Amino acid sequence: MALYPETIFRLMGDRGLLLELGDEIGSEVNEKVRRMTLAIQAESIEGIVEIVPTYRSLLILYNSLILSFVDLKKRLERIEKGLQQTPFPEPKLTQIPALYGGSYGPDLEEVAKYHQISPEEVIQLHCSKPYFIYMIGFMPGFPYMGELPEALITSRLKTPRLSVPAGSVAIAQRQTGIYPMESPGGWQIIGRTPVKLFNPEREPPALLQMGNLVQFFPISEKEFKEWHK
Amino acid sequence: MVAKRELRLGQVEAFEVLEPGILTTVQDLGRYGFSQFGVPPSGALDTFSFRVGNLLVGNQEEEACLEITVMGLKLKVLREVVIAITGGELFPTLNGESLEMWRTHLLVEGDVITFKRLRSGCRAYLALSGGLIVSKIMGSRSTYLSGRFGGLEGRALKRGDILYMLDRPPSLKKLGFRFPGDWIPSFKKEVMLRVIPGPQDHHFTEKGFQTFSSSAYQITPQCDRMGVRLEGPKIERRPDVEESIISEGLISGAIQVPGDGKPIIILTELVTGGYTKIATVISTDLTKVAQLKPGDQVRFEPISIENAHLLLKEQEQRLKEFRAIIEQR
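The listed protein sequences derive, respectively, from chains H and E. The first sequence maps to residues 1 to 229 in the numbering used here. The second sequence maps to residues 1001 to 1329 in the numbering used here.
Think of the hints as simulated: they come from the structure by calculation, not from any bench. Fair warning: there could be bad hints in the mix.
[To be verified] Computed cross-link-like contacts, SDA-like style, restricted to lysine to any residue with a CA-CA straight-line distance of at most 20 Å: (1) H:Lys225 x H:Glu201; (2) H:Lys158 x H:Glu201; (3) H:Lys81 x H:Asn63; (4) E:Lys1313 x H:Pro205; (5) H:Lys73 x E:Asn1307; (6) E:Lys1313 x E:Gly1274; (7) H:Lys73 x E:His1309; (8) E:Lys1320 x H:Lys81; (9) E:Lys1320 x H:Leu67; (10) H:Lys196 x E:Met1138; (11) H:Lys73 x E:Glu1306; (12) H:Lys73 x E:Glu1242; (13) H:Lys74 x E:Met1138; (14) H:Lys81 x H:Lys196; (15) H:Lys158 x E:Ser1304; (16) H:Lys81 x H:Glu201; (17) H:Lys74 x E:Gly1232; (18) E:Lys1207 x E:Pro1169; (19) E:Lys1313 x H:Lys81; (20) H:Lys73 x E:Lys1136; (21) H:Lys158 x E:Ile1326; (22) E:Lys1207 x E:Ile1184; (23) E:Lys1136 x H:Pro194; (24) E:Lys1136 x H:Pro200; (25) E:Lys1207 x E:Lys1320; (26) H:Lys158 x E:Glu1242; (27) E:Lys1136 x H:Pro204; (28) E:Lys1313 x H:Lys196; (29) H:Lys158 x E:Pro1258; (30) H:Lys73 x E:Gly1198; (31) E:Lys1207 x E:Ile1246; (32) E:Lys1313 x H:Pro194; (33) E:Lys1136 x H:Lys158; (34) E:Lys1136 x H:Val49; (35) E:Lys1136 x H:Lys81; (36) E:Lys1074 x E:Tyr1032.
Computed from a prediction, not measured in an experiment: that's the story for all the values here.
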């Protein structure tokens, strides 16, 4: 059972309400998360401070001095009932160039060896289909995307790296992602993109957004270095 | 590179940083509305002390202030300015003489303020009349350290930095004004934090929850603006649940229990996470969390959401009364 027949409301303290819509990572649950997010945003309810949409839940931050918990819950239940009427945008596809392997993708060889295929086949598989962006989280602009082809499913590194360079293209379990800025990280790094995924001065600040699609394509080192020229 | 820039219209130099101290950042009440892009709120950790500081100097309560951690900040005053220092007791001095906290002071050009050493708590706030001026990023002046943006170039203060304020004559009416003594929070080494169970309290055994709500936990050196790691009795998980959950949103005060069974209190620089959360610290007790330091000890007391909302109302009533007193002057 993916989508719960009835949404579970869970308390995150006295200013957070978590709406859990299902129990797995999948498009049906995630679509409902996005529909709910859009519908709540559209009502611009006074007292709601923030909405954090993720794989299968939404966290609502509210100010109890403005909006009581009881009223908040009632309004959310009403929004959920009227959900089908909300207009829903078509997913947008973004092409993301990536330079695979070498010092840009230090785990490519290991991933290939683990699956008993060649590094070229890993690249080909990784570029073989568009990925759905389930959520942006962990750090500004980091897209959690899936599903990887069966033949690429790889566990996280046993010991996370202390520093992963900005732009690193990574995989972990059924997911693929991109580190927008340098950070510690435990995913397998197979390549790097020259595209800047996050810019605090840009509107919106993140290049990729939840509910959209990403298709990777391989580029050469020369193309990588000349990308911003 | 230190932050020195062309003067902009309506802004004047307020301070020069002689010593930045252990960690001093520019903060306001946080950056909200951007978590769908993976951006956490950041902002002052002890929002109560922060807001009182601003009110004392005649500001709106969300103006940018300095958040000073533990000790070592030394500032040279570059022009007449009204300030107030609130929060943890870091033994602030003015030209070597002890400087009273929770009240306003008029400083003049050439004065030197130093935060000498920690007496209690962990973080102090320096508010100045007119507020610190740095560019707003996504609607906020807060520094987001791991994201490297906001505040002063997305980083902690450095020696030689110049801090700016609005060019507005200091409001001398507020001088010598004090926050009522019996309203000043005291920051102790042994702290009781009130919590609301959940959102994943059902992942722990009854015995595990009992351990959590009846044991003392020590603050480890792993404590920063992202979270406070605790050491103490291991919290038992139900055998039929996994250690991690599907990543979901986080807020300050959420208490994560990773695989080792030792709790971590999440603070303001995280946006999502995949660990189970046994409980969440209530809003009014986040002030106490902000003032914890390694070696301090906490206990957790579960309360109802209704009580938590009542406590918040009481706190806001107090601040409202204080605002009214200030406005009458």
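These are the hints, each one checked on the structure:
{"no.": "1", "hint": "H:Lys225 x H:Glu201", "in the structure": "violated, 24 Å"}
{"no.": "2", "hint": "H:Lys158 x H:Glu201", "in the structure": "violated, 36 Å"}
{"no.": "3", "hint": "H:Lys81 x H:Asn63", "in the structure": "violated, 24 Å"}
{"no.": "4", "hint": "E:Lys1313 x H:Pro205", "in the structure": "violated, 35 Å"}
{"no.": "5", "hint": "H:Lys73 x E:Asn1307", "in the structure": "holds, 18 Å"}
{"no.": "6", "hint": "E:Lys1313 x E:Gly1274", "in the structure": "violated, 32 Å"}
{"no.": "7", "hint": "H:Lys73 x E:His1309", "in the structure": "holds, 15 Å"}
{"no.": "8", "hint": "E:Lys1320 x H:Lys81", "in the structure": "violated, 38 Å"}
{"no.": "9", "hint": "E:Lys1320 x H:Leu67", "in the structure": "holds, 18 Å"}
{"no.": "10", "hint": "H:Lys196 x E:Met1138", "in the structure": "holds, 18 Å"}
{"no.": "11", "hint": "H:Lys73 x E:Glu1306", "in the structure": "holds, 14 Å"}
{"no.": "12", "hint": "H:Lys73 x E:Glu1242", "in the structure": "violated, 29 Å"}
{"no.": "13", "hint": "H:Lys74 x E:Met1138", "in the structure": "violated, 31 Å"}
{"no.": "14", "hint": "H:Lys81 x H:Lys196", "in the structure": "violated, 39 Å"}
{"no.": "15", "hint": "H:Lys158 x E:Ser1304", "in the structure": "violated, 40 Å"}
{"no.": "16", "hint": "H:Lys81 x H:Glu201", "in the structure": "violated, 37 Å"}
{"no.": "17", "hint": "H:Lys74 x E:Gly1232", "in the structure": "violated, 40 Å"}
{"no.": "18", "hint": "E:Lys1207 x E:Pro1169", "in the structure": "violated, 61 Å"}
{"no.": "19", "hint": "E:Lys1313 x H:Lys81", "in the structure": "violated, 32 Å"}
{"no.": "20", "hint": "H:Lys73 x E:Lys1136", "in the structure": "violated, 33 Å"}
{"no.": "21", "hint": "H:Lys158 x E:Ile1326", "in the structure": "violated, 57 Å"}
{"no.": "22", "hint": "E:Lys1207 x E:Ile1184", "in the structure": "violated, 37 Å"}
{"no.": "23", "hint": "E:Lys1136 x H:Pro194", "in the structure": "violated, 27 Å"}
{"no.": "24", "hint": "E:Lys1136 x H:Pro200", "in the structure": "holds, 10 Å"}
{"no.": "25", "hint": "E:Lys1207 x E:Lys1320", "in the structure": "violated, 42 Å"}
{"no.": "26", "hint": "H:Lys158 x E:Glu1242", "in the structure": "holds, 18 Å"}
{"no.": "27", "hint": "E:Lys1136 x H:Pro204", "in the structure": "holds, 15 Å"}
{"no.": "28", "hint": "E:Lys1313 x H:Lys196", "in the structure": "violated, 44 Å"}
{"no.": "29", "hint": "H:Lys158 x E:Pro1258", "in the structure": "holds, 16 Å"}
{"no.": "30", "hint": "H:Lys73 x E:Gly1198", "in the structure": "holds, 17 Å"}
{"no.": "31", "hint": "E:Lys1207 x E:Ile1246", "in the structure": "violated, 25 Å"}
{"no.": "32", "hint": "E:Lys1313 x H:Pro194", "in the structure": "violated, 50 Å"}
{"no.": "33", "hint": "E:Lys1136 x H:Lys158", "in the structure": "violated, 40 Å"}
{"no.": "34", "hint": "E:Lys1136 x H:Val49", "in the structure": "holds, 19 Å"}
{"no.": "35", "hint": "E:Lys1136 x H:Lys81", "in the structure": "violated, 38 Å"}
{"no.": "36", "hint": "E:Lys1074 x E:Tyr1032", "in the structure": "violated, 31 Å"}
Checked against the numbered hints given earlier, the structure breaks hints 1, 2, 3, 4, 6, 8, 12, 13, 14, 15, 16, 17, 18, 19, 20, 21, 22, 23, 25, 28, 31, 32, 33, 35 and 36 and satisfies all the rest.
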